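Colleague: Single-letter residue listing:
There are 2 protein chains.
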Amino acid sequence: MWSRNPFDPAIEGDWMYGRGGADMKAGIVANIFAMDAIRNLGYQPAARVHIQSVVEEECTGNGALACLVRGYNAEAAIIPEPVDDKLVRGNVGVLWFKVSVKGLPVHVRDAGAGQNAIEACFPIIKALRKLEEAWNVEKTNFKYYKDTEHPINFNVGKIKGGDWASSVPSWCEFDCRIAIFPDWDPKEKSLEIESCIREASLNDAFLSNNPPQIEWNGFFAKGYVLEEGTEAEKVLGESHFLAYEGDMKSFISPAYLDARVFMVYGDCPCLVYGPYSENIHGFDERVSLSSVRKITKTIALFIADWCKLEKI
Amino acid sequence: MWSRNPFDPAIEGDWMYGRGGADMKAGIVANIFAMDAIRNLGYQPAARVHIQSVVEEECTGNGALACLVRGYNAEAAIIPEPVDDKLVRGNVGVLWFKVSVKGLPVHVRDAGAGQNAIEACFPIIKALRKLEEAWNVEKTNFKYYKDTEHPINFNVGKIKGGDWASSVPSWCEFDCRIAIFPDWDPKEKSLEIESCIREASLNDAFLSNNPPQIEWNGFFAKGYVLEEGTEAEKVLGESHFLAYEGDMKSFISPAYLDARVFMVYGDCPCLVYGPYSENIHGFDERVSLSSVRKITKTIALFIADWCKLEKI
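Chains A and B, in that order, give the protein sequences.
In terms of our numbering, the first sequence is residues 6 to 317.
In terms of our numbering, the second sequence is residues 6 to 317.
Derived from the structure by calculation, the hints contain no laboratory data.
Be aware that one or more of the hints could be misleading.
Identical chains blur together in the list; that is why a pair holds if it fits in one copy or across any two.
Cut-off 20 Å, straight-line C-alpha distance, at most; resulting in silico cross-link-like pairs (PhoX-like, lysine-lysine) [what the hints assert, rightly or not]: (1) K148 - K91; (2) K144 - K194; (3) K131 - K165; (4) K103 - K165; (5) K91 - K239; (6) K254 - K299; (7) K30 - K302; (8) K131 - K194; (9) K135 - K103; (10) K91 - K302; (11) K254 - K302; (12) K194 - K103; (13) K239 - K302.
Predicted model only: the values in this text are computed from it and were never measured.
Could you put the whole structure together from the sequences, leaning on the hints where they help?
Modeller: Written out as structure tokens, the structure reads:
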């Protein structure tokens with residue numbers, strides 16, 4: 006469904022197209038080129054700078070977590086996600102889970118005597134949609150989320166079930182993702198999800214005796230908020246002003262970001278800040294090259310100010 | 006979900022357990038042993054007997070059809086399906102189809118802007134369930150089906166969709182089976198199913214512009230009725246009476262049977278008649294061995310009467 010080969014990057018005007026070009030090779034490039042720019046001028050940072058490039062940001066966050074556990078922490082961190090020339094004020098936590106539903110297979114001639122595991126998933130998914138709406142209502146309790154239209158997003162991303170058109174399917178499983186507000190505890194919310202699924206199964210004679218199995222198979226992550234007023238944000242804002250000739254804006258994200266690793270476990274202010282992009286995780290993903298250049302400039306200026314420079 | 010290894014057959018009392026033991030190795034064995042029994046007594050049929058063992062009875066019927074196309078027809082046929090010591094009076098036609106639904110993938114943080122292909126399947130499946138009920142209402146028009154509780158069975162047997170928990174899924178496909186009454190034309194009914202799916206998609210802004218694709222990927226078969234009064238049925242009934250010391254009963258089946266090949270295309274009366282079984286197509290499939298012996302006896306007596314015997 007791409008207009009071009011997603012793995013054959015192409016530039017058209019200010020846009021670079023390609024799978025992962027925006028999310029987030031652009032950011033990695035900005036980090037590296039910022040360091041190169043400083044060196045090309047005959048300088049180096051007067052304090053230590055780590056450049057980290059980690060895996061798993063899209064499914065567990067364990068890559069960033071592993072770096073932290075190994076001791077790579079700092080006084081401030083920048084994660085150059087493609088967040089449209091803005092600073093992320095905070096983000097939701099995310100939970101991943103797989104629900105496995107059993108059915109009772111019988112010959113289709115007598116389908117009524119069986120239990121269709123595929124169709125048994127529908128009311129469970131509907132119940133999870135209701136939980137999503139109930140959680141969204143609670144946004145008024147969260148300063149930074151109360152004006153976000155739909156901060157808690159639930160997604161059924163994958164489904165697989167049954168073996169054969171003419172047998173009532175005996176199994177079906179589906180993979181889900183849901184967000185939780187920054188203060189919320191993943192464990193507590195996972196129990197709420199388990200209750201929701203169990204209750205949705207009680208209306209069904211077969212499922213109430215054969216409850217769906219729930220596996221927590223990825224993100225089990227708390228969210229975070231970068232409260233206003235950190236020195237790191239002030240320095241980034243000044244650097245941004247020089248590069249963009251305008252004030253840096255901030256926004257709250259309804260997606261997972263590795264920043265939670267630094268913020269929740271590392272006690273390190275984390276600035277998620279990066280270039281303008283479109284269609285990440287979708288078709289025809291693209292990033293603005295002029296934006297990548299300005300972001301690179303901001304990061305270079307941030308390093309110069311935060312670490313100070315010295316002649317090589 | 007079997008109590009024992011399904012491919013390691015076991016006998017307990019009168020039951021033989023094993024996958025395919027009832028449906029339908031038992032019947033094939035009955036056919037072969039009937040011929041052996043005649044030979045062991047020093048006789049052979051005075052007319053030609055074909056023993057056919059075909060593939061694909063469960064998904065297309067093309068095995069039996071291929072035999073017929075090659076010229077293997079007869080004046081009467083017996084198919085020893087596990088139909089509980091009874092004769093099948095007729096059966097439904099069956100259609101198989103796969104429905105492929107597209108979605109619009111976006112990052113889950115903005116799920117509302119996308120279209121979830123998995124959830125888009127639910128209203129389509131519900132519409133097909135309504136069609137199933139509408140078709141069942143028409144049973145009053147069919148002499149042999151009007152007393153059958155639920156002759157038309159629809160089944161969603163398989164589903165698969167999406168690639169990843171955190172992306173709104175861009176595709177989902179599901180495999181279906183539905184029955185049609187004996188007189189109904191498969192082509193005509195396939196168009197009705199296509200209309201049903203198209204209509205169910207019109208309520209949805211995305212699907213109405215991206216209609217689901219429908220593939221007819223297996224059975225596309227008319228049903229049949231074995232009208233009462235054939236000479237073949239009379240001879241089988243007399244043979245059954247000798248083996249069972251009781252009258253042969255008949256019933257109408259809501260499943261597909263290869264008999265339609267002989268009845269619809271071969272102009273050959275086809276007697277579907279075989280042993281008592283439980284849980285075919287399910288867990289712990291089993292067949293009654295005393296029933297297999299009596300069925301074998303009936304078939305041997307049928308051959309003796311229908312073909313007459315001669316000394317080897």
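Colleague: Does each hint fit the structure? Answer for all of them.
Modeller: Hint check results:
{"no.": "1", "hint": "K148 - K91", "verdict": "within (19 Å within a copy, 73 Å between copies)"}
{"no.": "2", "hint": "K144 - K194", "verdict": "within (15 Å within a copy, 50 Å between copies)"}
{"no.": "3", "hint": "K131 - K165", "verdict": "both (17 Å within a copy, 18 Å between copies)"}
{"no.": "4", "hint": "K103 - K165", "verdict": "both (11 Å within a copy, 14 Å between copies)"}
{"no.": "5", "hint": "K91 - K239", "verdict": "within (13 Å within a copy, 86 Å between copies)"}
{"no.": "6", "hint": "K254 - K299", "verdict": "within (15 Å within a copy, 85 Å between copies)"}
{"no.": "7", "hint": "K30 - K302", "verdict": "within (16 Å within a copy, 76 Å between copies)"}
{"no.": "8", "hint": "K131 - K194", "verdict": "within (18 Å within a copy, 31 Å between copies)"}
{"no.": "9", "hint": "K135 - K103", "verdict": "within (18 Å within a copy, 30 Å between copies)"}
{"no.": "10", "hint": "K91 - K302", "verdict": "within (14 Å within a copy, 85 Å between copies)"}
{"no.": "11", "hint": "K254 - K302", "verdict": "within (17 Å within a copy, 88 Å between copies)"}
{"no.": "12", "hint": "K194 - K103", "verdict": "within (15 Å within a copy, 37 Å between copies)"}
{"no.": "13", "hint": "K239 - K302", "verdict": "within (16 Å within a copy, 94 Å between copies)"}
Of the hints listed earlier, there is not a single one the structure fails to meet.
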